[in-house]
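Take the sequence shown: its letter number 114 is residue 114 in our numbering, and every next letter is one higher.
Errors might be hidden in some of the hints.
[Claimed, not checked] Just the calculated beta-carbon pair ranges, DEER-fashion:
no., residue 1, residue 2, range
1, Thr64, Arg145, 33 to 41 Å
2, Gly38, Lys201, 30 to 38 Å
3, Arg159, Lys201, 41 to 49 Å
4, Asp84, Pro42, 23 to 31 Å
5, Asp69, Pro42, 32 to 40 Å
6, Pro97, Gly38, 22 to 30 Å
7, Gln89, Asp212, 13 to 21 Å
8, Lys85, Phe65, 31 to 39 Å
[To be verified] Lysine-lysine pairs mimicking DSBU-like chemistry, simulated, CA-CA at most 35 Å apart:
no., residue 1, residue 2
9, Lys62, Lys73
10, Lys131, Lys62
11, Lys85, Lys201
12, Lys73, Lys85
13, Lys104, Lys73
14, Lys201, Lys131
15, Lys104, Lys85
16, Lys201, Lys48
17, Lys48, Lys131
18, Lys48, Lys62
19, Lys201, Lys62
20, Lys85, Lys131
21, Lys85, Lys48
22, Lys73, Lys48
23, Lys104, Lys131
24, Lys104, Lys201
25, Lys62, Lys104
Note that these hints are calculated values from the structure, not bench results. Just so you know, even glycine gets a beta-carbon here, dropped at the ideal spot from N, CA and C.
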Amino acid sequence: MNQMLCNIDAVIFDLDGSLVDSMWMWRAIDIEYLGRFGIPLPENLQAKIEGMSFTETANYFKETFGIPDSTEKIKDDWNRMAWDKYTHQVPLKPGIPEFLEGCKRNGILLGIATSNSRQLVENIARVHNLKDYFSCIMTGCDVARGKPFPDIYLAVAERLRVSPDRCLVFEDILPGIQAGLNAGMKVCAVEDAYSTCDREKKQALADYYIEDYRGLFAPCLERMTV
């Protein structure tokens with residue numbers, strides 16, 4: 001019987017790589033976007049921008065690569081480039097529908113804490129019929145600091161009216177895992193092809209580690225008798 005959900009009142013998901021299988025897509029978008037300006041993709045780009053909010057990432061591109069467009073136009077372009085892929089090519093992580101339904105049945109609140117744009121996360125929730133499950137969706141642009149700072153996770157917990165130590169976070173990258181831990185929450189690292197090279201670090205840093213969500217939800221006896 002899985003113990004992760006014992007004494008947990010809220011589960012908070014990162015989006016890309018944790019809730020949906022989409023991390024591969026952003027590298028393709030970065031290649032295409034920078035290619036418009038004749039700029040090759042730096043091999044260390046993803047490591048540099050991990051955990052940044054959508055706005056922070058747009059500012060980084062503008063300053064680092066000398067993009068002449070405004071930050072808002074950069075974000076609008078990314079939203080347009082990503083939307084078709086999110087709609088037609090990005091699936092939920094295996095086992096997510098059953099896990100969300102299990103949480104709902106047992107009164108566990110659900111939230112999303114993502115570095116992505118609000119426009120995209122709202123559209124993704126609509127495409128996959130997730131809106132009825134999540135009581136709170138927040139983005140990195142809603143708080144002062146991006147991951148690995150705890151701001152977004154603390155903000156979601158506050159919105160859900162749940163103490164941080166009663167929250168369980170699902171994250172796929174190291175800055176996100178650290179953000180959840182910095183918020184005083186339990187953190188489960190999620191397997192993702194994008195971060196395979198960090199698997200051992202993720203396993204060592206997080207409280208738990210899963211390959212996917214299939215068969216994960218099993219309410220523990222302690223929770224049912226509290």
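Would you list, in rising numerical order, the hints stated earlier that this structure does not obey? 1, 3, 5, 6, 8, 13 and 25
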